[in-house]
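The lines below spell out each chain.
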Amino acid sequence: MKWIDYATPHSVREAVDVLSEAGGRARVMAGGTDLLVALRAGVYDIDLVVDGKNIPELNEITYDPTNGLTLGAAVPCYKIYGNQAVATAYPGLIDAASLIGGTQIQGRASLGGNLCNATPSADSIPPMIALNGTANIAGPNGNRQVAIEDFCTGVRQNALGSDEILVSLHLPAPVANSGANYIRFIPRNEMDIAVAGAGVSVVLDNGDIKEARVSLASVAPTPLFVQEAGDAIAGKPANDETVRIASGIARDAARPITDMRGTIEFRQHLCEVLTRRALNTAIERAKENN
Amino acid sequence: MATTRDYEPNVVLSNQDYNVVGTRPLRPDGADKVTGRALYGADFAAAGLLSGSVLRSPHAHARIKSIDTSKAEALDGVRAVVTSADFPQGGEGPVVWQRDNVLASDKALYRGHAIAAVAAASPHIAEEAVSLIDVDYEVLTPVTDVQSSMKGDAPILHDSLMTDELGEKADKASNVASHFQHVKGDVKAGFKEADVVIEREFTTKTVHQGYIEPQAATALWNNDGRLHIWCSTQGSFAARDACAKILDIPVSQIRVVPLEIGGGFGGKIDVYLEPVAALLSKKTGTPVKLVMSRADVLQGTGPTPGSYAKIKIGAKKDGTITAAHAYLAMEAGAYPGSPVGAGAMCVLAPYDLENALVDGYDVVVNKPKTAAYRAPGAPNAAFAGEQVIDEVAKAIGMDPIDFRMKNAAKEGTRQVHGPTFPRVGYEEVLEAMKSHPHYNAPLDGPNQGRGVAVGFWFNIGFDSACNIAVNADGTVTLQEGSTDIGGTRASIAMQAAEVLTLPYEKVHPTVVDTDTIGFTAVTGGSRTTFATGWAAYEAAQDVRTKMIDRAAQIWEVDADTVELEDAVFKSKSDPELSMTFAELAGQLGRSGGGITGTAAVSPSGVGGAFAGNIVDVEVDPETGKTEILRFTVVQDAGKAIHPSYVEGQMQGGAVQGIGWALNEEYYMSDSGTMDNVSLLDYRMPTSLDLPMIDTVIVEVANPGHPYGVRGVGEAPIIPPTPAIANAIENAIGTRLFALPMNPAAVAKAVMDK
Ligand SMILES: Cc1cc2nc3c(=O)[nH]c(=O)nc-3n(C[C@H](O)[C@H](O)[C@H](O)COP(=O)(O)OP(=O)(O)OC[C@H]3O[C@@H](n4cnc5c(N)ncnc54)[C@H](O)[C@@H]3O)c2cc1C
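These protein sequence lines are chains A and B, in that order. Just so we're aligned, residue 1 is where the first sequence starts under the working numbering, counting upward by one. Just so we're aligned, residue 291 is where the second sequence starts under the working numbering, counting upward by one.
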């Protein structure tokens, strides 16, 4: 491993300047739980690490029941699930924040980092897609917003330009009778990468599904938003048959590969099982949330 | 009728008590280890130390046409580059294989095979230099599993390797290094007598020992010609002797200093880095350190083999086994020497058989040369054999423990490969299993299942030495040559303390280097507490005799009238004459000089060990994930010198067996490379994947040891894979014949049912 410089900008403006200057040979660091591992493994050839921990906007959590949640891109998981208001409003997000890595990792790992890292298996991306999240990005030409489902563009590739930084994530306020859930399948009980994962959200209306969103992990080059699965059950009663329709669509939408973590057949099969189980939990949660 | 005994989670079924032996004192190395002060292989430092790095083959099978090191040598900060050409050449067979495994000469035989090495001023320079070495490879087709490698059209690894077919050398190159047989009785006739005959085929994947400390070695080839090596090893003398062979120098020219070892399980017996660091030090004249990464460990050091087995067992309706045939083929890795021989000795060992046949095949493949891993070969064999036993028991409607009891090997049973069992504790192990509350508790819930299985390991003796010196304050220091992987400093010191009637705390054990103690064989084969413990027993007897003589001399009485009891010397003839051990120790200098005891032993009375498991699982039929709900290990330890460390071995063996059963495997790509070269994807169980593992130590004394010790380190890894397979079968109603029984495999078995 070679010598790498380290910068600690104190504002978004300063960070963008440093990134622009580095001309693509820099990476932002939030918790570093991906970045440091990747640098040691020689995944990136860079000259500069830009620490996001001193930039206020990257480290704040703001929530109110009208405007929803704005989550600084570098806020670690433990602060997210430790925030009572956020934990109550977004149990589907907490599912992911509390299962990334383990206790030590959650002390550093951020959802911004999880998103920017852009692996197909990233646990927080499917629930953020299911919860209609957006990414707030800053660059030399100002700010822009990108829907979470459009943020990842390939394995470890994202929509950011080399001079841009992810500032925060935004989730709309939860509506009444809504519920969400994220579950993944791993062979061990911890310290593992999702063989497949399903993040879902539902809004109920008098026992019917008013709206649903389904997203899958680890079964395509990017986290997969399966819009058709949610659309197909909108207006249908929230029962087993309806859930099976959506989970069948999720299975058919999955485009996995066979690798050391699972075969194509097993991952497709898991998409059905996980989507079904996640939808059942989300419906239960929605019933309790009125 | 099963009678349930009242067991605590961990029990010792003892029938003989001692003062120190059988107690649970603190380990002498504990404080250094928990405070992080202990020096492991990679912690060693020396003035002028250079960092080394090893270039490894990216190909699983390739001819090395040329190696150009000039660019690496020209890099600033590089002090030396070595290749296999720097080793003394010549020889044939095992020494060439051993040398080629350390640095490849004409062929790279597995991905990760070491090709060249660099010594430089810093690890970064060394790494960069390695990337500047140009190797011209002719890439060849690899073969990475035992069944493919045995086929006639398989790519050949060694042009000079001809099969040893039942003692006859074949005349054509082959990947099958040898085929041997053990025969007893007449299996054909035996199968004819059977009411039920079951034959099944099984496969297992290559798995790694998974010790947490990667290999590390530092060498200094001093100006006086002596080679000093500091390393993490299971056998300092084994490392010394292997280096002497590879470097073609006398053993006395080498001194190996063993550092603390972060696990080995058999995988730290062979040398990898030591001879290479020695070459680099010879060229540079300074100490050179080499440290492996986790990927190096997985790709470049000994795994235990993947294997194929076919087992056929016949039994009468009354439960008598009439015949058994075991066909075992195991991967040797890149060079001959798989553990199939040991597997063949163990596969049918628990059974008293009239008619049996074992075929064994040792087969080379393009994977790292296999190394020992706890009871090498036996778990692969048991995964197959113990499942067929389970199936036969079910087919004739007999309880699987009763079926084993009916056919149990015991004192006097002749094993298929020849030797007759001395006193063994197998029936006692089965009794403890049958009466354990775990075996008699109901399962609660659907998709749950229970399985049992047993395993045998023969254990070994070999040479050990021990020195003991008496200190003026009444303590003794004890020096031994067995590197301590499992608490053996304590278990050896305890045996000396027992003889000297001293409290354990008065014996200070140290593991010393090869210049300081007599030859001591590896910490392996479950031999250390047995054999080095025996050396300590003898050395302590030596001290005891000399101390008694000295007391007699001081008192001017006959030595045979003096006795030592509870650390007090007394005269049988004169009750006034009495002196504590410490009082006498304080007078040694004035009464004729200090006292030391010494012993070098090679005990033959090795006691084999049987272990059994009872396992409860719950399977998620949709995801195929198996949860271990309850796990009980029962094992005959002979005598548990330190029961906590025996329990640790039993629990550790169970944990490794659980990993082997459920997830661990070398996941090989088509090009013959291992994809999962990290502990993230090479899935050993974490604490969250395991229940508390309960233990029952059965003590049926080994008549061949002063305290009855049998080895305990290996037997516990044998029964887990079949016990879990039998439990999964019980849970889902269908059997798995391949390891690992990972979620994908179990889910498929449920769907295919
Ligand atoms: C032991 C262990 C277990 C793990 N387990 C899991 C798991 O269960 N599930 C899971 O999904 N992941 C897991 N991970 C991966 C990792 O912890 C997560 O992806 C985590 O969320 C990353 O967050 P971070 O803050 O540490 O990111 P960092 O490592 O700091 O950054 C990750 C990537 O995003 C970029 N980046 C970070 N912040 C910004 C920003 N503001 N703007 C632009 N780019 C940015 C970085 O340059 C880097 O490429 C694990 C990692 C380890 C080491």
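Possibly wrong hints are sitting among the right ones.
Stated by the list, open to error - Derived SDA-like pairs (lysine to any residue); straight-line CA-CA distance at most 20 Å: (1) B/LYS1038 / A/ILE257; (2) B/LYS915 / A/ASN189; (3) A/LYS2 / B/LYS1038; (4) B/LYS915 / A/GLN268; (5) A/LYS2 / B/ILE423.
Source of the hints: derived by calculation from the structure; they are not laboratory data.
Comparing the hints with the structure gives:
1. Taking the CA atoms of B/LYS1038 and A/ILE257, the gap is near 17 Å; set against the 20 Å cutoff, the hint holds.
2. The suggested pairing of B/LYS915 with A/ASN189 holds, with an alpha-carbon distance near 10 Å, which does not exceed 20 Å.
3. Simply put, A/LYS2 and B/LYS1038 have alpha-carbon atoms about 46 Å apart, too far for the 20 Å limit, and the pair is violated.
4. For the hint linking B/LYS915 to A/GLN268, the alpha-carbon distance of about 16 Å falls within 20 Å, and the restraint holds.
5. Our distance criterion of 20 Å between C-alpha atoms is met by A/LYS2 and B/ILE423, whose separation comes to about 18 Å.
Violated hints amount to a single one, hint 3; each of the other numbered hints is respected by the structure.
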